[in-house]
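Asker: Its first residue numbered 1, the sequence shown is counted upward by one per residue in UniProt numbering.
Since the hints were made in silico from the structure, they are not lab data.
Treat the hints with care, as some may be off.
[Unchecked claim] Between beta-carbon pairs, the in silico distance windows are: (1) Trp115 to Gly7: 32 to 38 Å; (2) Pro23 to Gly131: 28 to 34 Å; (3) Gly98 to Thr141: 21 to 27 Å; (4) Trp115 to Asp38: 32 to 38 Å.
[As the list claims (entries may be wrong)] Here are the simulated lysine-lysine pairs, DSSO-like style, with alpha carbons at most 27 Å apart: (5) Lys35 to Lys24; (6) Lys75 to Lys43; (7) Lys53 to Lys135; (8) Lys24 to Lys43; (9) Lys75 to Lys119; (10) Lys83 to Lys119; (11) Lys35 to Lys9; (12) Lys83 to Lys24; (13) Lys149 to Lys135; (14) Lys43 to Lys149; (15) Lys24 to Lys75; (16) Lys53 to Lys9; (17) Lys24 to Lys119; (18) Lys53 to Lys149; (19) Lys135 to Lys9; (20) Lys53 to Lys119; (21) Lys135 to Lys43; (22) Lys53 to Lys83; (23) Lys9 to Lys149; (24) Lys43 to Lys9; (25) Lys75 to Lys35; (26) Lys53 to Lys43.
C-beta: ideal position from N, C-alpha, C; glycine also.
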Amino acid sequence: MDVSIDGEKIGRITIGMFGEEAPKTVANFRQLCTKNVDGFSYKGSRFHRVIQKFMIQGGDVVSGDGHGAISMYGKYFDDENLKINHTCSGFIAMANRGPNTNGCQFYITTMPAPWLDGKHTIFGKVLDGQGVVHKVEQVRTDTDDYPVKPVIIDDCGDLPIGASFTVSDDPYDLWAWIKAAYLPLGMSFSILAFFQYIIRKLDGYTNREALRNAELAKND
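Taking the hints into account, I'd like the entire structure generated from these sequences.
Answerer: This is the structure:
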């Protein structure tokens, strides 16, 4: 999704879809991204609700204000796999009006939202462009959380990926944490090793100076 705020392009949000976990939801989202449903599509639609430290919501291709609903299955379709949890930012899920009222509206989390667990179908995760999501999160809104400046999905579609991927919703998933932290941790360890090297050199220099001074004192 290529996004703009008040006509200024701010970047692209790339989303990986959970095709095995929520196939109907993914198919509906993809249809609205790449083609249309009865002439309606995500292209040109807006993010109509923004709440800092929570989420950004968009996808109302019918009315643009959060009251519209449409899907490739009819006005609404049923929930899928409510076992995935809102454990971190970047999850994309269907907005609804209660059980089995999914249409076209979706939201992207900007922080963990456990109070939504079991109530909304999570069907994807931001793979790239979470910074764009947070830019949208910072826009000024009115008292109804509606952005004062238009936040528009200028374009959207498919991007091929080389292979399938796995995302865990477990915040204690050690292997996922290791993979995510590998680069910054590696840099930190490198910096620590460098400082340890410098300290050892300084200690060696200090010891040599102490011995030399002791020898000079003995000779005196």
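Asker: Run every hint past the structure and note whether it holds.
Answerer: Do the hints match the structure? See the list:
1. Trp115 to Gly7: 32 to 38 Å: 35 Å, holds
2. Pro23 to Gly131: 28 to 34 Å: 29 Å, holds
3. Gly98 to Thr141: 21 to 27 Å: Because 25 Å falls inside the window, the suggested range holds.
4. Trp115 to Asp38: 32 to 38 Å: Check passed, 33 Å falls within 32 to 38 Å.
5. Lys35 to Lys24: 16 Å, holds
6. Lys75 to Lys43: 19 Å, holds
7. Lys53 to Lys135: Satisfied, since the Cα-Cα distance of roughly 12 Å is no more than 27 Å.
8. Lys24 to Lys43: 20 Å, holds
9. Lys75 to Lys119: Between Lys75 and Lys119 the Cα gap is close to 19 Å, so the pair holds against 27 Å.
10. Lys83 to Lys119: 9 Å, holds
11. Lys35 to Lys9: 22 Å, holds
12. Lys83 to Lys24: 16 Å, holds
13. Lys149 to Lys135: Holds, at roughly 13 Å.
14. Lys43 to Lys149: Holds. Lys43 to Lys149 sits at ~18 Å (cutoff 27 Å).
15. Lys24 to Lys75: Holds - the C-alpha atoms of Lys75 and Lys24 are around 14 Å apart, at most 27 Å.
16. Lys53 to Lys9: 23 Å, holds
17. Lys24 to Lys119: Answer holds: Lys24 to Lys119 is near 17 Å, not above 27 Å.
18. Lys53 to Lys149: Given that 27 Å is the threshold and the Cα spacing comes to 19 Å, the pair holds.
19. Lys135 to Lys9: This hinted pair holds, its Cα atoms lying about 11 Å apart.
20. Lys53 to Lys119: With Cα atoms ~19 Å apart, Lys53 and Lys119 stay inside 27 Å; holds.
21. Lys135 to Lys43: 19 Å, holds
22. Lys53 to Lys83: 23 Å, holds
23. Lys9 to Lys149: 13 Å, holds
24. Lys43 to Lys9: Status holds; Cα separation ~14 Å.
25. Lys75 to Lys35: Holds, at roughly 17 Å.
26. Lys53 to Lys43: 26 Å, holds
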